[in-house]
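Enquirer: Construct all of the structure, not just a fragment, from the sequences and the given hints.
Protein sequence lines, in the order shown, are assigned to chains A and B. Each residue of the first sequence is one higher than the one before, counting from 1 in the numbering used here. Each residue of the second sequence is one higher than the one before, counting from 1 in the numbering used here.
Hint data in this document are derived by calculation from the structure and do not stem from the laboratory. Careful: at least some of the hints might be erroneous.
[Unchecked claim] Here are the simulated lysine-lysine pairs, DSS-like style, with alpha carbons at most 30 Å apart:
id	chain 1	residue 1	chain 2	residue 2
1	B	241	A	155
2	A	46	A	100
3	B	113	A	166
4	A	33	A	46
5	A	148	B	185
6	B	10	A	148
7	B	241	A	166
8	A	155	A	195
9	A	100	B	185
10	A	166	B	81
11	A	148	A	211
12	A	146	B	241
13	A	211	A	166
14	A	33	A	148
15	A	166	B	134
16	B	241	A	100
17	A	155	A	166
18	A	46	A	195
19	A	220	A	100
20	B	312	B	10
21	A	146	B	185
22	B	81	B	312
23	A	155	B	113
24	B	185	B	312
[Said to hold, decoys possible] Restraint ranges, calculated between C-beta atoms of paired labels, are given here:
id	chain 1	residue 1	chain 2	residue 2	range
25	A	148	B	12	26 to 32 Å
26	A	42	B	133	49 to 55 Å
27	A	89	B	11	45 to 51 Å
28	B	103	A	117	29 to 35 Å
29	A	111	B	319	54 to 60 Å
Note that the Cβ used here is the ideal one computed from N, Cα and C, for glycine as well.
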Amino acid sequence: MGACDCAGCQDALLALWIDKMGETGPVAILEVKGLSKYFGGLAALKDVHLTVREGEIRGIIGPNGAGKTTLFNVISGMYRPSAGEIFYAGRRIDGLPANKIAALGLVRTFQRTALYHEFTVLRNVTVARHLHVRESLFQVIAGNLKQKERENTEKALEIIEFMGLKHLVDEVAVNLPHGYQRALGVAIALACEPKVLLLDEPLTGMTPTEKGHMIDLIRKVHGKDITILIVEHDMRSVMELCEYISVLDFGTLLVEGPPAEIQNNEDVIRAYLGTEDILTVGQS
Amino acid sequence: MSLHSGKRLKGWALVPLAGGILGLCVLPFFVRAYLIEVVMMYFIYIILAQSYRLIVTVHDWQLYHVVLYGVGAYTSGMLAKSAGVPVFFAIPLGGLMAALVGVAITTPLLRTKGWGFYIATYGLAELIRLSWLKFRNPFGGSTGIIDIPWPPVVAGIDFSEGVPYYFFSLGVMLLVLYFLYRIEKSHLGDSFKAISMDPDLAASTGIHIPRHRLMACAIGGFFAGIAGGLLVHRLGAVDPKLFNLVTMLYLLIWVVVGGTKTFWGPIIGVSVMHTLFELSRPLIQVRPLFFGLSMTLVLIFMPGGIEGVLLKVVARWQKRNRLPTAET
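Expert: If you want it as structure tokens, here you go:
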């Protein structure tokens, strides 16, 4: 078919191509190509390829030390990759500093409970709106900032309400229960108005009720047209949340597929050997 | 409302502030000339400590701050003496120079971390201070620069006299405090604190850390230079001894003893420690021992400084009265 280049054939080809695009769905928003990261002689990531489509919730799982958090650290610009390329919305971002990457709309949360502990909930979120607050030094020292501050506070309150923290607005972050602290962590990330959100173990250390709330919240965030990548140990939740899962093991990409496929994959079960019962939980 | 709530002072909280300023305004009419000079030094030291605190809010405990204070003093003094620049213009120019030198020193040091940063700041500070000692021309060597012109007579007021200069430096101090207070309560001030609380989180929300560190250093350096200018035009002379490591240690003692968490900590620190310094003049030989010991004890037993103790008292009082808990 490719041999002929008359207008009719070209049109047919184009139609076919458009059809195919429709099948594969939206375009890739995040593309990782041949990514490696070495710490001394140790390879934390080896030749990892990953393609995330716009609007996806992608799960990234793997045993401890598989390189999941390292992957997030490299994508978000905290570490420089040793080799490979990362493309975000068609733009190459590897090697850019973390603040630049956040400014482009790719924002991460942390595995640890990362908050400004001494600030109130409101101040945690207003300070995280840094990318959207434009004030010059002159304005800070001598200008009138009331209008800007009010707008910023309003926007922050919106996010706080969205994350179900409205009743805690004036509470100091360090005094919050763990579940709310994790929600505040996500609120801080949302304050940057991300297009892609990397969630690093958002359910860590939560009670089942708190987990349920957090999963609902993540769905709500996804509903705002935010593409989500999620690293998580809680298999049941990952299987429940994600349409597609990538499994890392010893820094390499083991397998990718929908949850049902992953649960029955021999390699995945072997990687988790000794803890394979985690996987069966998702089926119950 | 607590001292550290992120909210601005309002209503009744302004009363003690207004009272304090009023007190300082009437003070020179009731005390001896010597005491006026002493109080003037408090103003200069408060500017110095407060400008240092701004840099500390991004967690850069650098050790060249008194050298920037010196840069301000030398620049302002030399401009007034050799270039004939009017004193009231020379002082802000000294501040500008201090900010430039601060940025020039800090830029290469942004690559260093932790202890490397602190030691390198000390090294570069000594480099500048020793160049004042070494180069008799134009810095005058160990004797420094003397015969710096006195401030002029403006609108019939002779600013080379004690009382007018007292009001001039009080005004400058209040203006500097006002500017720094606005920064403290602005989004910029919160960004600075965010960097010291959690730099990784701050960067991940788009805060450009090197730029903010330089900005803090430039603003802090500018006001330190202003403090230097105020000093030099009162003393009429300047020499490198004024800006040595011992002075830096006193600055650290004020800031550590007062506390750095709230805006008021360094002011408390200067007020308390400089008063003790003045009172202990008869014990001059053991004074450094006493001050070193006091800083050590504060670090061990009250790591938040005097301000930290006050915050605890306020928090306990609010708890007893079932008021909403304040930010610590």
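Enquirer: State for each hint whether it applies.
Expert: Hints versus structure:
Using a Cα cut-off of 30 Å, the hinted pair residue 241 of chain B and residue 155 of chain A is violated, with the two alpha carbons roughly 53 Å apart. For the hint pairing residue 46 of chain A with residue 100 of chain A, the CA-to-CA distance comes to about 25 Å; that is within 30 Å, so the pair holds. Distance hint between residue 113 of chain B and residue 166 of chain A is unfulfilled; the C-alpha atoms sit about 38 Å from each other, more than 30 Å. For a cut-off of 30 Å, the pair hint linking residue 33 of chain A to residue 46 of chain A stands: about 11 Å separates their Cα positions.
With a CA separation close to 13 Å, the supplied pair residue 148 of chain A and residue 185 of chain B stays within the 30 Å bound. At most 30 Å may separate the alpha-carbon atoms for a hinted pair to count; residue 10 of chain B and residue 148 of chain A meet this at roughly 20 Å. Proposed proximity of residue 241 of chain B and residue 166 of chain A is contradicted: the alpha carbons are some 56 Å apart, above 30 Å. Taken as a hint, the residue 155 of chain A and residue 195 of chain A pair is honoured in the structure, with Cα atoms around 17 Å apart against an allowance of 30 Å.
Proximity of residue 100 of chain A to residue 185 of chain B is assessed by CA-CA distance (about 26 Å); at most 30 Å being required, the pair is judged to hold. Annotation: proposed proximity of residue 166 of chain A to residue 81 of chain B is violated, straight-line Cα distance about 61 Å (limit 30 Å). Distance hint between residue 148 of chain A and residue 211 of chain A is unfulfilled; the C-alpha atoms sit about 36 Å from each other, more than 30 Å. Restraint check: the Cα-Cα separation between residue 146 of chain A and residue 241 of chain B comes to about 45 Å, which exceeds 30 Å; the hinted pair is violated.
Restraint check: the Cα-Cα separation between residue 211 of chain A and residue 166 of chain A comes to about 19 Å, which is no more than 30 Å; the hinted pair holds. The suggested pairing of residue 33 of chain A with residue 148 of chain A is violated, with an alpha-carbon distance near 41 Å, which exceeds 30 Å. For the proposed pair residue 166 of chain A and residue 134 of chain B, the alpha carbon gap of about 62 Å is over 30 Å, so the pair is violated. As the CA atoms of residue 241 of chain B and residue 100 of chain A are separated by approximately 45 Å, the hinted pair breaks the 30 Å bound.
Restraint check for residue 155 of chain A and residue 166 of chain A: the C-alpha separation of about 13 Å stays at or below 30 Å, so the hint holds. This hinted pair checks out: residue 46 of chain A and residue 195 of chain A have alpha carbons roughly 27 Å apart, not beyond 30 Å. Proximity of residue 220 of chain A to residue 100 of chain A is assessed by CA-CA distance (about 26 Å); at most 30 Å being required, the pair is judged to hold. Simply put, residue 312 of chain B and residue 10 of chain B have alpha-carbon atoms about 21 Å apart, close enough for the 30 Å limit, and the pair holds.
Distance check on the hinted pair: residue 146 of chain A and residue 185 of chain B sit about 12 Å apart at the alpha-carbon level, within 30 Å; holds. About 50 Å separates the Cα atoms of residue 81 of chain B and residue 312 of chain B, which puts this hinted pair outside 30 Å; it is violated. For the given pair, residue 155 of chain A sits about 35 Å from residue 113 of chain B by alpha-carbon distance, which is inconsistent with the 30 Å threshold. Proximity of residue 185 of chain B to residue 312 of chain B is assessed by CA-CA distance (about 22 Å); at most 30 Å being required, the pair is judged to hold.
Checking the proposed 26 to 32 Å range against residue 148 of chain A and residue 12 of chain B shows it holds: the Cβ atoms sit about 28 Å from each other. The given range of 49 to 55 Å is respected by residue 42 of chain A and residue 133 of chain B, whose C-beta atoms sit roughly 50 Å from each other. Roughly 50 Å separates the CB atoms of residue 89 of chain A and residue 11 of chain B, a value that falls within the hinted 45 to 51 Å. Between residue 103 of chain B and residue 117 of chain A, the C-beta spacing of about 31 Å keeps the proposed range 29 to 35 Å intact.
Here the CB-CB span from residue 111 of chain A to residue 319 of chain B is close to 34 Å, at odds with the stated 54 to 60 Å.
When the structure is compared with the earlier hints, violations turn up for hints 1, 3, 7, 10, 11, 12, 14, 15, 16, 22, 23 and 29 and for no others.
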